[in-house]
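Let the sequences and hints guide you as you build the complete structure.
Here are the chains, one letter per residue:
Protein chains: 4
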Amino acid sequence: MRKVIIDTDTAGDDTIALLTAMHSFKVEGVTITGGNVDFDQQVENALYTIQVANPEEYVPVYKGMEGPLLTSVVERHQTVEDVHGKDGMGDSFFEKAKQRPEQGHAVDFIIDKVKSNPGEINLLAIAPLTNIAMAIKKDPTIIYDIPHIYIMGGTNNSLGNITAAAEYNFFVDPEAAKIVLHSGIPITLVGWDMCTKYSIMDDDDHKEIENLSTKGSAFFIQINKVVMKFNKEVHRLNGTTHPDTLLVAIAANEELMAKSNKYFVDVETKGELTRGYSMVDINNRSGHEPNVRVCEEVNRNQFKEHVLDVLTSIS
Amino acid sequence: MRKVIIDTDTAGDDTIALLTAMHSFKVEGVTITGGNVDFDQQVENALYTIQVANPEEYVPVYKGMEGPLLTSVVERHQTVEDVHGKDGMGDSFFEKAKQRPEQGHAVDFIIDKVKSNPGEINLLAIAPLTNIAMAIKKDPTIIYDIPHIYIMGGTNNSLGNITAAAEYNFFVDPEAAKIVLHSGIPITLVGWDMCTKYSIMDDDDHKEIENLSTKGSAFFIQINKVVMKFNKEVHRLNGTTHPDTLLVAIAANEELMAKSNKYFVDVETKGELTRGYSMVDINNRSGHEPNVRVCEEVNRNQFKEHVLDVLTSIS
Amino acid sequence: MRKVIIDTDTAGDDTIALLTAMHSFKVEGVTITGGNVDFDQQVENALYTIQVANPEEYVPVYKGMEGPLLTSVVERHQTVEDVHGKDGMGDSFFEKAKQRPEQGHAVDFIIDKVKSNPGEINLLAIAPLTNIAMAIKKDPTIIYDIPHIYIMGGTNNSLGNITAAAEYNFFVDPEAAKIVLHSGIPITLVGWDMCTKYSIMDDDDHKEIENLSTKGSAFFIQINKVVMKFNKEVHRLNGTTHPDTLLVAIAANEELMAKSNKYFVDVETKGELTRGYSMVDINNRSGHEPNVRVCEEVNRNQFKEHVLDVLTSIS
Amino acid sequence: MRKVIIDTDTAGDDTIALLTAMHSFKVEGVTITGGNVDFDQQVENALYTIQVANPEEYVPVYKGMEGPLLTSVVERHQTVEDVHGKDGMGDSFFEKAKQRPEQGHAVDFIIDKVKSNPGEINLLAIAPLTNIAMAIKKDPTIIYDIPHIYIMGGTNNSLGNITAAAEYNFFVDPEAAKIVLHSGIPITLVGWDMCTKYSIMDDDDHKEIENLSTKGSAFFIQINKVVMKFNKEVHRLNGTTHPDTLLVAIAANEELMAKSNKYFVDVETKGELTRGYSMVDINNRSGHEPNVRVCEEVNRNQFKEHVLDVLTSIS
Ligand SMILES: [Ca+2]
Ligand SMILES: [Ca+2]
Ligand SMILES: [Ca+2]
Ligand SMILES: [Ca+2]
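Residue numbers (the UniProt record's numbering), protein chains in the order written: chain A, 1 to 315; chain B, 1 to 315; chain C, 1 to 315; chain D, 1 to 315.
Treat each hint with caution, since some may be false.
Pairs involving identical chains hold if they fit within one copy or between any two copies, as the list cannot separate such chains.
As a list, the in silico BS3-like pairs of lysine-lysine whose alpha-carbon atoms are at most 27 Å apart [unchecked claim]:
1. 138 <-> 115
2. 215 <-> 98
3. 270 <-> 178
4. 215 <-> 225
5. 262 <-> 232
6. 229 <-> 262
7. 229 <-> 304
8. 225 <-> 96
9. 96 <-> 138
10. 197 <-> 259
11. 304 <-> 262
12. 98 <-> 225
13. 138 <-> 178
14. 197 <-> 262
15. 207 <-> 304
16. 207 <-> 229
17. 26 <-> 3
18. 115 <-> 26
19. 229 <-> 197
20. 138 <-> 3
21. 270 <-> 138
What the hints contain is simulated information worked out from the structure, not anything from laboratory work.
So this is what it looks like as structure tokens:
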């Protein structure tokens, strides 16, 4: 099994993505970055999700950067309790998991694990890219030892989610995104546009999942309650969105990508309206070398099947 | 017939848009803004196009701003001879028209014509918005006297043309675009995305047009030679693009718009990658009042028919 | 007598500068730009000041741009009634002057006057540079016909007044300042630093002026009442400041400049803290060609004498 | 003796500052940040300087961030070999010191040392603030444990050195400077303006120092050869500049500050001309709470005496 570290701001779909990762990879560790909801809540959400999955091998959880590279200690980044519920788990308010977070900083864990397993640790990035950017800045030599980063972030010349111009992960820490995109590490990007086109689970899908009647399926239904309502009202999307799960599924099985191409991708950090905008330079008007493989089409049926397999397996 | 002033950086599709405007409106005047190619060449292109149309009533041409609001006298904005040919007319190098441009500045012409015909003069804007912004700044009271501006510009959460982030007209003078969009004048926006989806004329369309065997159809074929090649190579579009003609046709017949909605639209003027990016805030994440009606779908067949009618009528 | 147009946002020291200009030049016209206080109030202030001076030849007043290049019609720029009083005249609330503003726009007046007197009309700029920038944009050929612009604006590597980084005139319309500074017209710049070092009139000076017992001296005392208080409280300056009068006096008698040098000068338009900051590149770290003669020292005694002469002459 | 960590981009005056620090404080460690010259050369310069000082207690040297927070791995920040010589030591090309740098990262060293000595470790910052900002971001709780940071950086409404607008340390990493200035840690700032007014050693001073005939004085003369020439040509300053030494001397003896005040200080990160500009809001036009004590006058004689004492003591 391929080894991964998964970096997550655990709330909502991050949990299903975590289940998917533990199902499809040898997860060396889970690192938490500030993002969706209160940081400590995210840590608890990750630990609880691992408890739900009950994996054979111990999966350690490391606390990382609580907020973006450039915010000061007093400032806070924008969280999205409206999307995922106050606890980021559809207002489920689960009990605390027994497992506790590790000592040591997520950034050091990433560096140490990568340096001691050169060429073996892929990164699954489903949160603002703060931890990964910090790791690259602290030890730039890791760029030669990471075979691939799969990133959920940005949007390919399409509508964003947190603003019209930007997707949440890139919006929260565009400077971190810029550092990672230009690091030289091979990257696959799955944007918010792929999520809205191919990952939506509508009421019928939810019924089908509920009927699986496993612990996994019950968990899925539970944590998606708030986001279903939010999506209908705000994004006018008729179902729940699964960007992070889609990213992990694609990393596990690249054939899910029906179409992809390498493009020059960059992130706006200076704009007044466009902070966090991801430029995907389809027609290469900039003349820059492509640096990112961008997912452009997904085999939706295979993806759904993958998710159902995961949820079925957790009994 | 409704009265219009058409503001154009006459090159390529601007000419067919001019023919369409003279066919469908009482054109009170043509004003030239710096844009596609050399300014004086644009003036000649407009005059030549009027000569081709040979309209019953005299259509005056006014020279306006030769470049964007903020460039200094010595700087030049980016022109696009690669798209439209050196002369902006498919390298046709036509003879000079007999009609000459008027004395007086386009900005003053717009103000005077609007103020002496309050509520009657619609603007068709198919170029960078420099002239119109200058007119608004010089006499802000015109905003109450202009019933509507139809603008070809920007792109609705889609790929740009001059950069991945921006469409040419907004890119060249984003500050002017910002002034016009926030002026309070009612606006309909037809973006580059509508052009690539609904306005393309492919080889078969060109043959059909050629077979009309009118002076108009011959002119169409002639001036589109360079852009056909450019589009195939750079934009991977299999045909010629007609954003300006689409804008004028929609202004003439709003039923061509199969779908449109009012959204908050703004322009990025500060970004590093996103200068000229048009934010179309579909899900109103910004909370701002909608200020622009945005065209979202076009009846392609009706549009094509409209163009063929225009070209047939010029014999 | 040398011919000038003086462009002013008439309030406070602008009035004494106007008196000085009428005393020292043939003033072809006064043009009003949006700045210090309500626009129409500024127009009245200019007209009233001309009435106080009672010049032999008629001095026309033209209304120009009511606000900066880039603000929309609804937005307003920052005015400074706290500095100059509600009426911009030390809360004097004078009666309306008999003279009325001219028909025609200040921008057109500048262009027409300059084009019909090539090489003869110097500009005295003691307001945001909106009118002058608009004139340059509307008819760029005037740059060859204006021998010199004297500008009160910016600050030479010193504290600003409206923000720590910026002087008011440049802050209100930095884009206009940029256009003028890079126009190629020969420029002399007198910054806010010269004003705080050499133009301050303290209580003793005010007594000396009061004792002149002329109409001019009474007017001086009257309009400076609010600013004296403001300067003590906000800028910790012990007296009234006369940046505009200093500018005009220097234009009238360049020997008042005890030291000046040509430097590259530019204006920040993009900064978060530094909008309107004037870069005076003393050690030429940028490598750009000098474009502005910057006043670095003033003969204070001669300046004061000049002001007293002006006030004495108005009886 | 008070405990300090000194963070330095060791080249030129950083060396004399290091000597001064070892003379006046218990130096717990020297941390190296990318700045003046090649990073590894800076490390060697620090080690060599310690060897020159030959301190009683071992002073460890830790390698830190090789460049600013936001540059990508491939980009390089601007170094200044023209100021300090190719080796940053006046082209002296000294032999390698025997002491070698420690294992472990400077950022971790700062965090660990501060956390294990709460309230005891002052920071002397004489380089771009990258290391210190990274430490604050990695463990924000250190802000409560650091009693004071003394920072050489920025300029107080005066001319910069690397650009007209900015001083080198703030220019190289303005984002880091912003994080540190807004961290809440008590700060004293000594700007470039203090350096040019009070720290210059002219030819006479150099002769006096040479005549001390100690190992310290010989070292001073040697490493200052290139900067003397550079200052005369570029900054038109008649002598060598000692910003870092001035900072350390002031930290050691605050009475050297003849005048200081608390102001709101911020750094521009967005400007086109003003990247790294330090806003010192003397008249509090921004209304923000003061966050930095800014040195405004220095007792020059005492400072010179302090330097001579240090150089005399190294024999
Ligand atoms: Ca996530
Ligand atoms: Ca056009
Ligand atoms: Ca003024
Ligand atoms: Ca240093």
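Cross-check of the supplied hints:
1. 138 <-> 115: both (13 Å within a copy, 20 Å between copies)
2. 215 <-> 98: within (18 Å within a copy, 63 Å between copies)
3. 270 <-> 178: both (12 Å within a copy, 16 Å between copies)
4. 215 <-> 225: Classified as within; 16 Å inside a copy, 64 Å across copies.
5. 262 <-> 232: Between copies only: 20 Å across, 33 Å inside.
6. 229 <-> 262: between (35 Å within a copy, 24 Å between copies)
7. 229 <-> 304: Close inside one copy (21 Å), not across copies (42 Å); limit 27 Å.
8. 225 <-> 96: Classified as within; 20 Å inside a copy, 65 Å across copies.
9. 96 <-> 138: The answer is between: 26 Å across copies meets 27 Å, while 33 Å in one copy does not.
10. 197 <-> 259: This pair counts as both: shortest intra-copy Cα distance 13 Å, inter-copy 21 Å.
11. 304 <-> 262: Within one copy, since 25 Å is at most 27 Å while 35 Å is not.
12. 98 <-> 225: within (25 Å within a copy, 65 Å between copies)
13. 138 <-> 178: both (16 Å within a copy, 19 Å between copies)
14. 197 <-> 262: both (20 Å within a copy, 24 Å between copies)
15. 207 <-> 304: within (13 Å within a copy, 46 Å between copies)
16. 207 <-> 229: Intra 16 Å, inter 52 Å, cutoff 27 Å: intra-copy only.
17. 26 <-> 3: within (5 Å within a copy, 46 Å between copies)
18. 115 <-> 26: within (17 Å within a copy, 35 Å between copies)
19. 229 <-> 197: For residue 229 and residue 197, the Cα distance is within 27 Å only inside one copy (18 Å; across copies 32 Å).
20. 138 <-> 3: The answer is both: 22 Å in one copy and 26 Å across copies each meet 27 Å.
21. 270 <-> 138: For residue 270 and residue 138, the Cα distance is within 27 Å both inside one copy (24 Å) and across copies (24 Å).
The structure shown violates none of the earlier numbered hints.
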